[in-house]
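J.: In order, the protein sequence lines correspond to chains W and U. In this text, residue positions in the first sequence follow the numbering used here: the first is 23, and each later residue adds one. In this text, residue positions in the second sequence follow the numbering used here: the first is 23, and each later residue adds one.
No incorrect hints appear here.
Where chains are identical, the list cannot tell them apart; a pair therefore holds if satisfied intra-copy or between any two copies.
Computed cross-link-like contacts, SDA-like style, restricted to lysine to any residue with a CA-CA straight-line distance of at most 25 Å: (1) Lys59 x Asp94; (2) Lys59 x Phe30; (3) Lys33 x Val104; (4) Lys33 x Arg100; (5) Lys59 x Asp47; (6) Lys69 x Gln83; (7) Lys69 x Asp91; (8) Lys59 x Asp114.
Hints are computed from structural coordinates only; laboratory data are not their basis.
Number of protein chains: 2
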Amino acid sequence: MIRHTVVFTLKHAAGSPEEQAFLGDALILERIPGVEKFERLRQVSPKADFDFGFSMEFADQAAYRSYNDHPDHVAFVRDRWVPEVLRFQEIDYVAL
Amino acid sequence: MIRHTVVFTLKHAAGSPEEQAFLGDALILERIPGVEKFERLRQVSPKADFDFGFSMEFADQAAYRSYNDHPDHVAFVRDRWVPEVLRFQEIDYVAL
Chain W
23 MIRHTVVFTL
33 KHAAGSPEEQ
43 AFLGDALILE
53 RIPGVEKFER
63 LRQVSPKADF
73 DFGFSMEFAD
83 QAAYRSYNDH
93 PDHVAFVRDR
103 WVPEVLRFQE
113 IDYVAL
Chain U
23 MIRHTVVFTL
33 KHAAGSPEEQ
43 AFLGDALILE
53 RIPGVEKFER
63 LRQVSPKADF
73 DFGFSMEFAD
83 QAAYRSYNDH
93 PDHVAFVRDR
103 WVPEVLRFQE
113 IDYVAL
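Only chain W is shown next, with the shape it has when bound in the complex (with noise of 0.2 Å):
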């Protein structure tokens, strides 16, 4: 198993309608064949500078490519998680 987690602040307003749309539209990751439990999440530490999150499960690191190369995933990265996101970091997990 491999847990992909990216946390994440958008440039949108809090609350507003394109905040909304993104979190919205992000739901097609979760169709990408390989993907399990996948997660939106809001982020509460007030030790961190982030608002959300995604989390995602993967069988193996075949699976995990397949939905890297996927034409969906290229898509929202390309059209939607460049544009609209201001910082984000990347946390993998597999079982220690």
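Here the structure of chain W is known, so what remains is to put chain U in place on it, guided by the hints.
T.: Same frame as chain W, now just chain U:
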């Protein structure tokens, strides 16, 4: 539900007895009342400069506060975390 995570790098050399001792002794945190789904994880993204992670869930903020104030947590932070952790980032999530 609140998911409390911390991603970190130890001062110890990879594979050292001190590293193993820290990761093993951290299991004391799992036994603190209110802690659910405790996980010790390896951080594997080349885009994140951290080696390990802990993840746990709490039913609510009261359970999270109780964990933070628990003597076993306070002692672990004072006696192990502060002297042995090189850098870390807390990230806490709630459902969107």
